[in-house]
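Using the sequences and the hints, build the whole thing.
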Amino acid sequence: MGFEKFVDENMIEKTKKECIHCNICKKNCDFLTKYDMNLFEFIEKPELRYSCFLCDKCRAVCPKDLSGAQIATELRKKSPKGTFRTEFMKNNYKLRNNSKKKSTDLLYLGCNFPGFLPKTSEKIIEICREIGMDYSIDCCKKPVYESGGKANISQVEKLCHDKGVERLVCCCPNCYHFLKSRLDIEVIDIYKFLKEKGIGKKLDVVPDVFFPCSDRYNHEIFESVKYFIDDYRDTFTDVNCCGLGGGAGSKEPDLLEKTKEKMNAHNAESVYTYCSSCAGIFKNRYELKNVKNFLTEILELKEEPSSSYGKNVLRFKFKNLRK
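203 is the number that the UniProt record's numbering gives to position 203 of the sequence shown; each next residue is one higher, with no gaps.
The set of hints was computed from the structure by calculation and includes no laboratory data. Note that the Cβ used here is the ideal one computed from N, Cα and C, for glycine as well. Watch out, some of these pointers could steer you wrong.
Pairwise CB distance ranges, derived in the manner of DEER restraints [claimed, not checked]: (1) Lys17 <-> Pro46: 15 to 25 Å; (2) Leu321 <-> Ser79: 24 to 34 Å; (3) Lys27 <-> Ser181: 22 to 32 Å; (4) Ala60 <-> Asp184: 27 to 37 Å; (5) Asp231 <-> Leu301: 16 to 26 Å; (6) Asp231 <-> Asn290: 15 to 25 Å; (7) Ser154 <-> Ser79: 23 to 33 Å; (8) Lys251 <-> Glu166: 38 to 48 Å.
Taking lysine to any residue pairs in the SDA-like style, the calculated list, with each CA pair at most 25 Å apart, reads [stated by the list, open to error]: (9) Lys202 <-> Thr235; (10) Lys311 <-> Leu95; (11) Lys302 <-> Ser250; (12) Lys317 <-> Leu301; (13) Lys262 <-> Lys283; (14) Lys260 <-> Arg285; (15) Lys34 <-> Thr235; (16) Lys283 <-> Arg315; (17) Lys150 <-> Ile185; (18) Lys64 <-> Ser181; (19) Lys201 <-> Lys302; (20) Lys202 <-> Asn290; (21) Lys77 <-> Glu13; (22) Lys202 <-> Arg129; (23) Lys317 <-> Lys26; (24) Lys158 <-> Met133; (25) Lys16 <-> Ser51; (26) Lys26 <-> Ser306; (27) Lys102 <-> Lys150; (28) Lys45 <-> Ser250; (29) Lys100 <-> Ser79; (30) Lys14 <-> Lys77; (31) Lys78 <-> Arg96; (32) Lys202 <-> Tyr232.
See below:
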């Protein structure tokens, strides 16, 4: 149920033919509830295409495997709006940090991870440097794809080809799920890599886990995370998305406020996640206490999500950590 299913299906036509109007989707999604519509009715309201958070909770509960995330993406692609800035910034990512150094394995931090977790980023870069492995700070192009713009995947392909990369090691779950079905090289998550190399501390807590949208219904990355924990609590099942999904937050500030209320209502001792963007909004917008990233904890660092995102990504563009 990952992003790879977005590639070839025509979900709008499938929904028109197969929706049974059971309204289970509407009952499980704050966005659909707000506008009193099911997925079939969503198709008839293209003006709401940028209000969907693309979490795909609807698909998880739909007896016909229909996807609101894919419907929204198809509607956006049919009639893109305001995609120029995203395409300009992300297709040829203006704050990227790449090199020509050959690297069979390549640490791929994406674009958000260094912004929200700079100390963790520097530490994992250092670990990889010590075993002769280079890193890349770049955009996977998922933000462009989801906006309805034309995602330049060939830029990532060229980077990997020119560097002789055979395996991409992703810190970001969005990068992992978006690229693994689009590149002709192996793509793995950072936790699988750490286990393989015998790096990292097993945690002696039972964490309250918030699952990022891209990994929520398949747990591909979380299967790797589980090596570092004995047990966990799936605490936040009533929260479908952290609020950053699909760029919908700017259109639906009231739904963001509802998410904040839900997260705070759980009163969890800590909130563990493995998505830096989730961690960032939890700490900086929702003001949750004790937000923890699994990679940070496994590497035994003390770092909270940073509120200086812009300053951090600018610094990483010019910082040479390859010495």
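Comparing the hints with the structure gives:
1. Distance hint for Lys17 and Pro46: a CB-CB separation of about 19 Å, consistent with the stated range 15 to 25 Å.
2. At roughly 42 Å, the beta carbons of Leu321 and Ser79 sit outside the given window of 24 to 34 Å.
3. Distance hint check for Lys27 and Ser181: the Cβ-Cβ separation is about 31 Å, which falls inside the suggested range of 22 to 32 Å.
4. Distance hint check: the CB atoms of Ala60 and Asp184 are about 30 Å apart, consistent with the given range 27 to 37 Å.
5. Judged by the Cβ atoms, the range 16 to 26 Å given for Asp231 and Leu301 holds: they are separated by roughly 23 Å.
6. Here the CB-CB span from Asp231 to Asn290 is close to 19 Å, well matched to the stated 15 to 25 Å.
7. Between Ser154 and Ser79 the CB atoms are about 25 Å apart, so this pair conforms to the stated range of 23 to 33 Å.
8. The supplied range of 38 to 48 Å is met by Lys251 and Glu166, whose beta-carbon atoms lie about 41 Å from each other.
9. The suggested pairing of Lys202 with Thr235 holds, with an alpha-carbon distance near 21 Å, which does not exceed 25 Å.
10. With a C-alpha separation of about 11 Å, the suggested pair Lys311 and Leu95 falls inside the 25 Å cut-off, and the hint holds.
11. Among the hinted pairs, Lys302 with Ser250 is inconsistent with the structure: their alpha-carbon atoms are about 31 Å apart, more than 25 Å.
12. Using a Cα cut-off of 25 Å, the hinted pair Lys317 and Leu301 holds, with the two alpha carbons roughly 23 Å apart.
13. Distance check on the hinted pair: Lys262 and Lys283 sit about 14 Å apart at the alpha-carbon level, within 25 Å; holds.
14. The straight-line distance between the Cα atoms of Lys260 and Arg285 is roughly 8 Å, inside the 25 Å bound, and the hint therefore holds.
15. Proximity of Lys34 to Thr235 is assessed by CA-CA distance (about 24 Å); at most 25 Å being required, the pair is judged to hold.
16. With a C-alpha separation of about 21 Å, the suggested pairing of Lys283 with Arg315 holds against the 25 Å cut-off.
17. Between Lys150 and Ile185, the direct Cα distance comes to roughly 22 Å. Compliance with the 25 Å bound is thereby established for this hinted pair.
18. With a CA separation close to 23 Å, the supplied pair Lys64 and Ser181 stays within the 25 Å bound.
19. For a cut-off of 25 Å, the pair hint linking Lys201 to Lys302 stands: about 13 Å separates their Cα positions.
20. Note on Lys202 and Asn290: the hinted pairing holds, with a Cα-Cα distance of about 19 Å set against a maximum of 25 Å.
21. Under the criterion of a C-alpha separation no larger than 25 Å, the hint pairing Lys77 with Glu13 is consistent with the structure, at around 15 Å.
22. Between Lys202 and Arg129, the direct Cα distance comes to roughly 22 Å. Compliance with the 25 Å bound is thereby established for this hinted pair.
23. For the proposed pair Lys317 and Lys26, the alpha carbon gap of about 43 Å is over 25 Å, so the pair is violated.
24. For the proposed pair Lys158 and Met133, the alpha carbon gap of about 18 Å is at most 25 Å, so the pair holds.
25. For a cut-off of 25 Å, the pair hint linking Lys16 to Ser51 stands: about 20 Å separates their Cα positions.
26. Among the hinted pairs, Lys26 with Ser306 is inconsistent with the structure: their alpha-carbon atoms are about 35 Å apart, more than 25 Å.
27. The straight-line distance between the Cα atoms of Lys102 and Lys150 is roughly 29 Å, outside the 25 Å bound, and the hint therefore fails.
28. Between Lys45 and Ser250 the CA atoms are separated by roughly 18 Å; this keeps the pair inside 25 Å, and the hint holds.
29. As the CA atoms of Lys100 and Ser79 are separated by approximately 38 Å, the hinted pair breaks the 25 Å bound.
30. As the CA atoms of Lys14 and Lys77 are separated by approximately 17 Å, the hinted pair is consistent with the 25 Å bound.
31. For the hint linking Lys78 to Arg96, the alpha-carbon distance of about 29 Å lies beyond 25 Å, and the restraint is violated.
32. A threshold of 25 Å between alpha carbons decides the hint, and for Lys202 with Tyr232 the separation of about 13 Å falls inside it, so the pair holds.
The structure is inconsistent with the numbered hints 2, 11, 23, 26, 27, 29, 31, although it conforms to all the rest.
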